[in-house]
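Q: Work out the full structure: start from the sequences and follow the hints.
Here is how the chains run, residue by residue.
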Amino acid sequence: MKTRAHHFGEERPLLLLSHPADRLAQSFRAFAEKQGLSVWQPRRIDDFGWSFGIDGGERSLTFTRFDTGQSFTSSELLGIFCHGQPPLDPARTEDGADRRYAMIEYSNALWPIWENASCPVVGQPPPTSTPLLFNFGVEARIEMRRLGLPAAPDTLVSFERLAARADIDPARTRLTRSGRYSSVLARHALSGELPFSEPAMLGSEMVVATPLGDSDPRMVLSFGGDAFTLAPRDDGPPTVENAPEPEVLALVQRVRERLPTPLFLMSAVRGQAGWVITKLSLQLPFWMVDLVADWLHPRLYGHFTGEVLS
Amino acid sequence: MSPRPILLIGPTIEPTFGHTVRALHREGRDIEVMDLGDFWSDAVLTGTLEAPESIVIETRGKEYRLGDYRSFYTRLVDLRQSPDPTPVAAEWGRFRLLSAALAAQPALVVNRPGAGDSNASKPYQTALIERHGLRVPRSLSTNIPARAREFIASCPRGAIYKSNSGMRSIVQAVGEADLGRFDALRNCPVLFQERIWGDDVRVHVVGDACHAVRIRSAEVDYRYDRSGNVVSEPFELTPAAAEACVRVTRALGLSFSGIDLLLDADGELHCLEVNPMPGYSGYDHTLGGEISRSLGALLHAAGNSQDRASPVCSLG
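Protein chains in written order, with our numbering: chain A, 1 to 310; chain E, 1 to 316.
Keep in mind the hints are simulated off the structure, nothing from the lab.
For every residue, glycine included, the Cβ atom is placed at its ideal position computed from N, Cα and C.
Hints are not guaranteed to be accurate.
Stated by the list, open to error - Quick look at which bits of chain A chain E covers, simulated, 3 or more residues with Cβ under 8 Å:
1) 47–54
2) 59–66
3) 111–120
4) 245–254
Unchecked claim - For each label pair, taking beta carbons as the anchor points, the in silico distance ranges come out as:
5) Gln85/A with Thr12/E: 34 to 40 Å
6) Ser60/A with Ala218/E: 30 to 36 Å
7) Glu236/E with Ser75/A: 43 to 49 Å
8) Asp67/A with Ala240/E: 47 to 53 Å
9) Thr12/E with Arg165/A: 30 to 36 Å
10) Gln85/A with Thr48/E: 55 to 61 Å
A: Laid out in C-alpha cells, this is it:
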C-alpha cells in the first residue's frame, strides 16, 4: 500500500487542474482537504508553471508554484486530477499578448503531461488513445468503433428533411443538432415545440438521429472498473441505483480496458444486436456531483493515496 | 467491376489543392472534385455512419455517394473570407459531419480526419517522433522563466523558439534582447529547441515512397526568407532515414506527410515536425512532379486492393 510520502518535510500535494468553478473539483477538493491532503489548485493558469523537456530520449517534467516558488517533479506530486476546463484565464497579458492565442498555446502545450507524469493521473487522457477526446457525440461514437466498442447507430439527415423520414420515429430517437458544441437536444422539434429562435437557420442544419433502443437507457458511472447505475427521470436529475446488470457491466469493463483514465460516464441502450453505447464522457455534469460524491470521492482518494477509507 | 474515381475534397482556390487537382488530371487519373467552398455554403449529408459508404453528400445540385469512390484526398481548410472567423452553427455542423463521414470510410482517405491531431501540440508530437526512431533536437516547452534561462544557457550553439500549438509561428533564434523578455513567458508558454546548424530537408512520405528536398537558406525559418537566395534541390535520403520517415508517418496514422528535418554538419538528420496536411506544391515543382505522381498512384492503387484500408488510426 502506498503512503503519503513527504517532499522536503511537507506532504506531497495533489495537483488539481480544473477551473475554480468546476463543481466536481470543488467537491473533491473539500473532501480531500478534510482527509488531510494538501491540494494545489492554481486559480489561474499563469499561477501555474510547468516545463516539459526532451533530451536524448530522456523526458523531464517540472511543476512550479509561482506563488510560493516551490517546484516539483511529477514523482513529488501525490497525483494530478484534471476535470473539465483547466483554469485557462491568462488575464495578465502585460505585453499585450493575444489572450485567445495564449489560451491555445496553454492547452496544447499541456498534452505531454498525461503520458509523462510518473504520479497517478485522473482525467483528460492523452490524445494518443482518444484523438477526439470524446467531446462530440458523433465523433465519440466513431472513436468508440475504432476502439472496438459497440456504439449506437447514427443517421445523418438535414433538419428540413427530417419530417419526411418515415424510418425515424421522433419518440424513439435522440435528435442532436450537429452545429453547436453544446449539441442542444431537439427532441421536441418535430412536434412543433421548437426550442430555438432561429427556425430559418435550422432548415439548412444537419441533425444526427440516434435510436433510443429497446430499453430504458442506462447511465453508468465507472471508476477503476467499479460502476453503478443512475436511473434517468423526466422530471429531474437521475436517481442512484445499484450495480449495473451483467451485460452492462461487461460493457463497462470493455470501455475500461480501452481508456487510459479510470473515470468515465457511459450511457447505453439495448439495441437489436445487444447493448450499445450512446454516450461516453470523461467529464461529469455539475448536477451529478452531489449525487455521486459519496461513491466517487473515496475511490478517487484511494487512487491517489493507496489508502482505503472505511 | 466498373472503375471508380478518386474524390478530391478541398477549396479550389487554395494553391496546394489546385495543384493536386491539376496534377492528377494531367496524369489522366479518374478524379472528381468537390469544392469545399460550395460545401460551406450549401450541402446536405444523408446516410448512416454504420454504413459509411452509403452516405451521400449533395452540394450545388450534385450528389457524391461516398461508396462510389476508390479513395479520397482531402484538404479540409476554411479559406472563406468572412469578417466573423467563427462559422455559424449550420455551417459548422455540416463541416463536422463531413469530417465524421470521411473518418468512418473504409476506403483510403488521405489523410483521415483525426489522424494528424498530434500536430496540434509540438512538444507532444516531438516526443512521439523520437519514440518512433527519428532524432529530435533537445527541446523544452515551458512557461517558467528560470527553466527557460537554464535551458538557453545549456545550448552552446544557440537556441530557437516557436509556438507549442499547431498555429503557424515564425521560428526565430533566441537573441540577447529576448532574454530580457523571459518574464513574459508566464503569460504564454513557448517551445525552445537547441539550434541545429545546417540545411533544411523536407521529406514528403506518400505511402511507402519518400521524396526529399534540400533547402539552403541563411534564415532560421526558410519559409520567410525574402532574400531571393533560397536554393531548393532534390536530396537523397539514406535507406535508414527513409525507413524512419515512413515508420513515423504510419505511426501517426498518416499515409501522406510533410516532414521537416535539419541536416547537421555531421550528416545527421534531426526532425522538427511532421505535417499531416502538407502544402507540397513548391517541393513538387523542385522534384519535377514526383510527389504528386506518387500521390496519384497511391490514391489509384487503393481502389485496386481487395483488403480495404481500416479506418482505425493509432497515434501511439
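Q: Each hint: holds or not?
A: Status of the hints after comparison with the structure:
Coverage of a stretch by a chain is defined here by at least three residues with a beta carbon nearer than 8 Å to that chain's beta carbons; for the segment 47–54 of chain A and chain E the count is 6, and the condition holds. Residues of the segment 59–66 of chain A with a Cβ under 8 Å from some Cβ of chain E number 4, which satisfies the need for three, so the listed coverage holds. Requiring three or more residues with a Cβ within less than 8 Å of a Cβ of chain E, the coverage given for the segment 111–120 of chain A holds, as 4 such residues are present. Under the rule that three or more residues need a Cβ within less than 8 Å of chain E, the assignment of the segment 245–254 of chain A is violated, with 0 such residues.
As the Cβ distance of Gln85/A to Thr12/E is approximately 38 Å, the hint placing it in 34 to 40 Å holds. The given range of 30 to 36 Å is respected by Ser60/A and Ala218/E, whose C-beta atoms sit roughly 33 Å from each other. Restraint check, Glu236/E to Ser75/A: a C-beta distance of roughly 45 Å satisfies the suggested window 43 to 49 Å. As the Cβ distance of Asp67/A to Ala240/E is approximately 49 Å, the hint placing it in 47 to 53 Å holds.
Distance hint check: the CB atoms of Thr12/E and Arg165/A are about 32 Å apart, consistent with the given range 30 to 36 Å. Between Gln85/A and Thr48/E the Cβ separation comes to about 33 Å, which falls outside the hinted range of 55 to 61 Å.
Of the numbered hints stated above, those contradicted by the structure are hints 4 and 10, listed in ascending order.
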